[in-house]
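**Q** In order, the protein sequence lines correspond to chains A and B. Under numbering that gives the first Met the number 0, think of the first position of the first sequence as 0, with each following residue one higher. Under numbering that gives the first Met the number 0, think of the first position of the second sequence as 0, with each following residue one higher.
What the hints contain is simulated information worked out from the structure, not anything from laboratory work. Please note that the accuracy of each hint is not assured.
Unchecked claim - Derived list of chain A stretches under chain B, where covered just means 3 residues or more per stretch with a C-beta under 8 Å from a C-beta of chain B: (1) 59-68; (2) 172-186; (3) 194-208.
Said to hold, decoys possible - The calculated lysine to aspartate or glutamate pairs, modelled on DMTMM-like cross-linking and capped at a C-alpha distance of 20 Å, are: (4) A:LYS50 - A:GLU241; (5) A:LYS205 - A:GLU90; (6) A:LYS91 - A:ASP103; (7) A:LYS205 - B:ASP2; (8) A:LYS207 - B:ASP2; (9) A:LYS159 - A:ASP217.
Using N, Cα and C, we set each Cβ at its ideal position, and we do this for glycine too.
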Amino acid sequence: MLSKTALSAAFIAFAALQWTAVPASAEDRFIVIQSTTSTANSGLLDAILPKFKDKTGIDVRVVAVGTGQAIKNATNGDGDVLLVHAKPAEEKFVADGWGVKRYDVMYNDFVIVGPENDPAGIRGMENATDALKKIAKAKAPFASRGDDSGTHKKELSLWKSADIDVTSASGSWYRETGSGMGATLNTAAGMNAYALTDRATWISFKNKGGLAILTEGDDRLFNQYGVILMNPEKHAAVKADEGGAFIDWLTGPEGQQAIANYKLDGQQLFFPNANKATN
Amino acid sequence: MQDFRNAFSLAFELIASLDANLLSIVGLSLRVTFAALLISCLIGLPIGAALAVSRFPGRGAIVVVFNTMMGLPPVVIGLLVYMMLSNAGPLGVLRLLYTPGAMVIAQTILVTPIIVALSRQVIEDLDREYAEQFRSLVVPFPAAMAALLWDARFALATVALAGFGRAIAEVGAVMIVGGNINHVTRAMTTAIALETSKGDLALALALGIILLLIAMTVNAAVQGIKASARRNAYA
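Same shape as in the complex, but just chain A (with noise of 0.2 Å):
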């Protein structure tokens, strides 16, 4: 009798999981595609993605999280395609036999927010370093991501330009959130911190508090965005063939087109600069 008890409670188990996982397998044929908040967040993929479902029938599943974390997630197989904005660890990763190739899709930029009051006294500099050495001199707030994201690589590229060490500041003035953009923005408004931050993030971002965009144009706060399609040599499960196709895509004509025809506010967020598209 107790065993029937099991069997009749596996069988439930088994039937609770696939009662769940109907929406997942209803779709055939869709990639996963490792990403970062900022492509996510700003509503590009979301107004994008559609288009090339229309046209292929793909469904494109996003995983929108740092860019340390995202490279780390496709490391382990756990995806198709990464998009993300970081060069030299793509680079690295594709080095590294994890990902097929790199291609430039598209940039933006980066900018310094902060307070409207400005203590450190960076508006309108264009000079991103030193507008970051009237920071660390004033030992205003800076909010940081900390996590090993795209934005958090340059901004400590920065401070090493900079010839700052932020390490022994860490806790006082320099503050290390270990979190996403949109929870370092939020910090930043929160305790009239300064940050870097993207622009995309930025112009979609709701809750500005008191900060604004103080220093910006700076040749080093330009923000490329690559694709890579993982390898499948490495990782079996991954789907080249659409990988591939939405690559293809992407940094086609019609993709690249859809970036740039992407605003928010009447703002351009992303710039399409595939090789492809001009070639």
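Since the structure of chain A is provided, determine the placement of chain B on it from the hints.
**A** The following block gives chain B in isolation, referenced to the frame of chain A:
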């Protein structure tokens, strides 16, 4: 703060308009939570009942372990389940990562200890009243367990509600193993986290209000069932 006022009107608008996106998110939350709760009860109640009525060396230690596991950190469980279900992990072949199934597994791990620990306590208390009768009538162990589970059903419904509360409100684990994929694995809690990260605090709070209303509805329904069952029992 204006966000507070906006949140309530936004919550009302979302409910009134039966927003399709909202419905799919609520539907997923409820499906995942109830599936996890069902599995947890199927596993947890027998273990809880068995622990309550049996005496063996090491039993105290097991009770402590289950009581402790009520406080399992969701993020850690999410991470462990991710590592198991990842393509690089031992169960990668199941292709469950980033599906609702993965969310059910993570939540089951979080909820089962709650069911075990609380049902064990409830049934142990009841067993103190029944133990002598069972002994005198020489009731076999499975039958005694079944009788205890049945007679404790009202208290156990509250135990299940505790598990429901844990599962429906949980975000750390389902975010990692589900991936918060739109229309696939986006649940109420992960949607709230997403809107917060977009800085849309009013919408995030509105979703939170709706989540609370859903939880309240479920609790009220269970309360109603209990009340009418009691009335019938005494009628």
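**Q** State for each hint whether it applies.
**A** Hints, one by one, checked against the model:
Note: the segment 59-68 of chain A has 4 residues with beta-carbon separation from chain B under 8 Å; the three-residue rule is met and the coverage holds. Requiring three or more residues with a Cβ within less than 8 Å of a Cβ of chain B, the coverage given for the segment 172-186 of chain A holds, as 6 such residues are present. Counting residues of the segment 194-208 of chain A whose beta carbon lies closer than 8 Å to any beta carbon of chain B gives 5, which meets the minimum of three for the stated coverage. Of the pairs offered as hints, the one joining A:LYS50 and A:GLU241 holds, with about 15 Å between alpha carbons and a cut-off of 20 Å not exceeded.
The suggested pairing of A:LYS205 with A:GLU90 is violated, with an alpha-carbon distance near 33 Å, which exceeds 20 Å. The hinted pair formed by A:LYS91 and A:ASP103 meets the criterion: a straight-line CA distance of about 15 Å does not exceed 20 Å. For the given pair, A:LYS205 sits about 11 Å from B:ASP2 by alpha-carbon distance, which is consistent with the 20 Å threshold. Pair hint A:LYS207 plus B:ASP2 holds up; C-alpha atoms about 13 Å apart against a cutoff of 20 Å.
Taken as a hint, the A:LYS159 and A:ASP217 pair is honoured in the structure, with Cα atoms around 16 Å apart against an allowance of 20 Å.
Of the numbered hints given earlier, the model fails hint 5 alone.
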